[in-house]
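J.: As given, the protein sequences belong to chains A and B, one line each in that order.
Here the first sequence stands for residues 1 to 262, numbered as in the numbering used here.
Here the second sequence stands for residues 1 to 262, numbered as in the numbering used here.
For the record, the hints were derived by calculation from the structure and aren't laboratory data.
The structure displayed is predicted, hence computed values, not measured ones.
For the chain A half of the interface with chain B, some residues (derived, Cβ under 7 Å), not all of them:
no. : residue
1   : Gln86
2   : Val89
3   : Ser91
4   : Ile127
5   : Lys176
6   : His181
Simulated pairs of lysine-lysine, DSS-like, Cα-Cα distance not exceeding 30 Å:
no. : chain 1 : residue 1 : chain 2 : residue 2
7   : A       : Lys209    : B       : Lys176
8   : B       : Lys173    : B       : Lys97
9   : A       : Lys97     : B       : Lys19
10  : A       : Lys218    : B       : Lys209
11  : B       : Lys37     : B       : Lys176
12  : B       : Lys61     : B       : Lys108
13  : B       : Lys37     : B       : Lys208
14  : B       : Lys247    : A       : Lys209
15  : A       : Lys88     : B       : Lys176
16  : B       : Lys88     : B       : Lys51
Ideal Cβ placement from N, Cα and C applies to all residues, glycine included.
2 protein chains.
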Amino acid sequence: MDELELRKIMEDQVMDGLKYFYRNISVDSVIIGYHEKELKVLLQRPQNFQKWGLPGGYVFKTETVDDAAFRIVQYRTQLDNLFLHQFKVFSNPDRVKDAGFTPEIYSKITGIKIDDDHWMFDNFVSIAFFALTEFSLVQPTGSAYLEECCWWDINNLPELLFDHADIIKEALKALKIFIHHHPIGYELLPEKFTLPELHSLYETILNKKLDIRNFTKKLVSMDLITKLDEQRNIGAHRSPYLYMFNKERYDQLINEEEVIVI
Amino acid sequence: MDELELRKIMEDQVMDGLKYFYRNISVDSVIIGYHEKELKVLLQRPQNFQKWGLPGGYVFKTETVDDAAFRIVQYRTQLDNLFLHQFKVFSNPDRVKDAGFTPEIYSKITGIKIDDDHWMFDNFVSIAFFALTEFSLVQPTGSAYLEECCWWDINNLPELLFDHADIIKEALKALKIFIHHHPIGYELLPEKFTLPELHSLYETILNKKLDIRNFTKKLVSMDLITKLDEQRNIGAHRSPYLYMFNKERYDQLINEEEVIVI
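Based on the provided sequences and hints, a complete structural model is requested.
T.: Written out as structure tokens, the structure is:
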């Protein structure tokens with residue numbers, strides 16, 4: 001599909017949107033990227049506009065909200081295996097109004113003129129998702145109406161649209177709870193990793209110090225990681241043992257119906 | 001407000017509902033009642049209808065989804081201090097259609113005739129909440145159009161409307177995660193309780209055996225419970241020590257911004 005066709009479809013969707021979309025519902029996704037002790041978040045900026053926002057959009061009446069979030073994020077990241085987790089609904093009655101999102105601004109961004117009683121300026125209840133990924137794997141992709149789409153350091157975010165700053169804050173909290181009940185790391189670390197590497201991943205997400213001995217003991221006792229008979233040589237007198245995830249056990253815990261505790 | 005006035009308001013809301021309510025959004029609440037090793041859930045049955053459902057309804061455009069859930073549940077339980085937790089959004093595109101909820105059935109229940117292209121027969125994305133309460137504290141209350149509203153044993157549920165069986169299953173899973181990160185028990189146990197009483201509460205919710213020694217050690221080390229210099233006499237050679245929640249610490253953990261692990 002070329003740019004012009006895409007624009008035509010988008011215009012049709014805006015003008016006659018309620019044929020396709022649920023009214024008053026949107027999805028927003030916080031894509032959290034990890035790489036060597038850093039967390040980043042994927043943000044986008046519309047053309048002719050100075051604020052940044054999360055990748056998000058409307059929900060087709062023929063899909064679930066999870067499908068919608070996946071569809072939109074997949075389009076931005078080109079990743080097919082990103083696992084999105086619903087974590088909270090944001091529904092302040094003034095969240096759209098407070099953002100100062102007017103037909104003038106909309107027209108500046110898209111070139112499409114609509115009245116201020118259009119459904120797009122009604123309030124939206126936003127269903128929010130997060131995903132965790134190795135950020136070097138993602139190729140952020142723009143689209144019609146977007147000027148930029150890129151990673152921002154979690155500790156140094158730009159000015160954000162709507163209540164997106166709050167959505168990001170809550171996503172980080174939900175992620176902290178998530179990692180106590182789901183194995184992580186398989187897509188985030190090299191196939192063979194050292195304990196300090198795994199430990200750093202958890203410390204970065206939890207944003208606090210963890211006792212490395214207890215931490216390791218727990219993951220080994222769950223049979224989640226296996227010590228290899230192999231060391232990495234990183235300098236004189238420093239050759240930490242390498243570990244691997246026990247993938248069978250890892251997948252079993254991911255698919256476990258019961259609540260697990262890590 | 002008398003019954004007739006209430007019915008008049010409800011009819012107006014149905015006929016002219018989109019003035020008041022968001023379209024395509026509903027809330028449903030799973031009120032979980034605990035009492036002496038049993039879990040129950042609060043269900044309601046419309047008049048002239050055989051299936052049961054969760055207390056739920058539409059969201060006014062002037063409130064948050066959390067406000068809506070609280071308003072509806074408060075009306076059913078008469079409890080003012082029930083703390084509801086958003087846990088998941090249910091959005092199968094056929095969830096209303098699959099339930100066979102037709103204008104004929106609606107008219108049988110309410111006496112109100114509406115067309116099948118009415119917004120009420122459009123699909124609804126349901127935002128689900130759970131709350132945990134001591135079930136003997138709740139006075140289930142009916143309302144216009146409801147035949148019954150009462151507690152059902154979690155292991156012996158009646159036939160349920162829509163995807164409510166799935167919503168209940170997911171609520172129990174969310175509750176299991178919740179109790180690892182939030183203190184519970186203050187409203188569910190007597191002021192002074194024995195360790196087996198507290199232990200049973202956790203075992204009932206988690207639906208699995210817990211080592212009582214480790215469990216106790218953890219709660220004491222968190223300063224969440226305090227051993228009293230007082231025993232309960234429950235028979236020859238059986239006089240377990242009594243414990244109390246350290247309320248200050250309990251409230252501190254409830255209001256903690258950081259993620260805690262219990």
